Amino acid sequence: DAGVIQSPRHEVTEMGQEVTLRCKPISGHDYLFWYRQTMMRGLELLIYFNNNVPIDDSGMPEDRFSAKMPNASFSTLKIQPSEPRDSAVYFCASTLTGTGVGNTIYFGEGSWLTVV
Amino acid sequence: EDQVTQSPEALRLQEGESSSLNCSYTVSGLRGLFWYRQDPGKGPEFLFTLYSAGEEKEKERLKATLTKKESFLHITAPKPEDSATYLCAVQAPPGGSYIPTFGRGTSLIVHP
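Respectively, the protein sequence lines represent chains A and B.
The first sequence begins at 9 in my numbering and counts up by one.
The second sequence begins at 63 in my numbering and counts up by one.
Hint data in this document are derived by calculation from the structure and do not stem from the laboratory.
Treat the hints with care, since some could be wrong.
[Stated by the list, open to error] Going by beta-carbon spacing under 8 Å, a handful of chain B positions derived as facing chain A:
#: 1; residue: Leu75
#: 2; residue: Lys104
#: 3; residue: Pro106
#: 4; residue: Phe108
#: 5; residue: Thr111
#: 6; residue: Ala115
#: 7; residue: Ala146
#: 8; residue: Pro162
#: 9; residue: Phe164
#: 10; residue: Arg166
#: 11; residue: Ile171
Note that the coordinates shown come from a computational prediction; the quantities given were computed from them, not determined experimentally.
All residues carry an ideal CB built from backbone N, CA and C; glycine is no exception.
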């Protein structure tokens with residue numbers, strides 16, 4: 009299994025530019041998560057999907073952030089316009105069978121975003 | 063208020079020097095507690111799931127234990143390759159959600 013695949017691995021962009029992060033979950037998994045990790049706040053859940061439908065986006069910090077999942081094998085996290093405080097590592101993760109008891113969440117390698 | 067607190071934030075050990083990492087939680091109705099390992103520049107990698115107090119799981123030099131208020135990750139005779147950040151996450155469903163809440167992690171460095 010290829011695992012969760014994220015792109016790009018590294019992104020450096022200027023403030024005000026649009027950033028799009030991409031994710032391919034593990035095949036067959038029905039839940040997809042977007043997390044953000046910073047030194048100050050640790051690992052934060054931004055949004056998660058079940059069967060391509062957004063379930064909880066209460067972790068999305070501002071309206072500048074949006075996420076979509078057009079099909080079971082692809083999701084995007086978009087930041088528009090980007091700001092320096094958005095600099096962080098963004099992880100995509102997936103799991104099978106609806107995060108029931110003990111369902112393991114598998115993470116991608118992350119997208120390292122730097123906004124200058 | 064943090065539901066999951068990990069300590070210490072950072073730990074330096076000499077190779078072979080055994081120690082323990084702590085994960086304390088304040089949630090009620092714990093359904094599962096997860097331990098992950100995260101190497102620099104990588105995503106978190108799953109290690110263990112614990113479900114009930116008294117449960118223990120082992121993998122190589124690592125052993126995870128669980129009580130009603132905390133979990134320990136014991137590292138026996140660590141090697142430099144055990145250096146990583148160890149994350150703990152708890153799964154407790156307020157309002158029906160089973161999404162795990164992560165702690166801030168313990169950064170472990172093992173010196174040769």
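For this session: Just pull the numbers of the violated hints for me, sorted ascending.
Result: Numbers 1, 6, 7 and 11 - these are the hints that the structure violates, sorted from lowest upward.
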